[in-house]
Amino acid sequence: MNPVTDLPLWAAWLIAFFLLLGAGLTLIGSFGLFRLPGFYDRIHAPTLGTSWGTAGIVIASVIYFSVTESQLVLHPLLIGVFVTVTTPVTLILLSRAALYRDRAENNPDVPSLQLLENTSQESGSKTDSVTVHESIGTAKE
Amino acid sequence: MNRLFPYPFLVVLLVITWLMLAGFSVGQFLPGTLTAIMAAWGLAALHPVKPRFQRRDLLFKLAAVVFYDIIRSNIAVAGIILRGGKKAGVSSFITIPLDLRDPTGLAILAVIITGTPGTAWIDYNSARSTLTLHVFDLVDEAAWLDLIKNRYEYLLREIFE
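So the protein sequences, as listed, match chains F and P.
Residues in the first sequence are numbered from 1 upward in steps of one, following my numbering.
Residues in the second sequence are numbered from 1 upward in steps of one, following my numbering.
Treat the hints as calculated values from the structure; they're not laboratory data.
Virtual Cβ for every residue (Gly too), placed ideally from N, Cα, C.
Fair warning: there could be bad hints in the mix.
Derived, one-sided and incomplete: chain F residues facing chain P with beta-carbon distance under 7 Å [unchecked claim]:
| hint | residue |
| --- | --- |
| 1 | Y40 |
| 2 | T47 |
| 3 | H75 |
| 4 | T87 |
| 5 | L91 |
| 6 | S95 |
| 7 | L99 |
Excised from the complex, chain F in its bound form (with noise of 0.2 Å):
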């Protein structure tokens, strides 16, 4: 009696699916994390993992455990909700840092505070980020 012979073909195929997907956007994510260069592209990468690719998987595992024990089962959908809920905790703990160091080694790919109060009188600058602020300010008026 093996679970997962038993199976209706169309729970199969969904549940394939759903877990295929999951893994595939987590394996993405993973690979962009090995990938890409700096700490600012790279946290942008594992976000894949914590949003379709837990919700895939879990959707997955809600519907399995659904079909195999002939009842609802959501506890699986829990594992969502802490995933989501907690990971702007470390995402933000882990760029604000970033964030720090790199003002402190004045690093000019990062936007300073400096930069920030004096958007008005700074032009011509060659980061990106006063572009953006003349941007803002049309934006506002």
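With the hints as your guide, set chain P onto chain F.
Frame of chain F, contents of chain P only:
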């Protein structure tokens, strides 16, 4: 509500979480309820800001909008990584002036921005209420500004302010 049950909604959510994990039975309902009530006392001792909901109905609209956007940006970011990484200079920081002040609203905005692939919450300056984001694929700055301001912040301000 009162001193004995400061957060009734939180207690109900915690009991449901407990029962989902431990199984629905009277034997689990009693310790679950006891733990949830004590957890609510613990939270009340911290004196957190109590969220004031003005428009609860819009929460569902916000959830639907975010659900759609997360699917869309999953496809976009996965596409960029699969096309062999990215060329330097496309991703960038943007700084957005926020009108949203409500702490619960800001917390939800942080979850939305972090949960959506392609945008990362870097820094929030509460004195100037500016939010610094890092955008993975910054093609059009004005479009991102519009997305955050008009799509998320507008709804969050309607809900909480």
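Verification of the hints:
no.: 1; hint: Y40; verdict: holds, 5 Å
no.: 2; hint: T47; verdict: holds, 4 Å
no.: 3; hint: H75; verdict: holds, 4 Å
no.: 4; hint: T87; verdict: holds, 6 Å
no.: 5; hint: L91; verdict: holds, 5 Å
no.: 6; hint: S95; verdict: holds, 5 Å
no.: 7; hint: L99; verdict: holds, 6 Å
When held up to the earlier numbered hints, the structure conflicts with none and fits them all.
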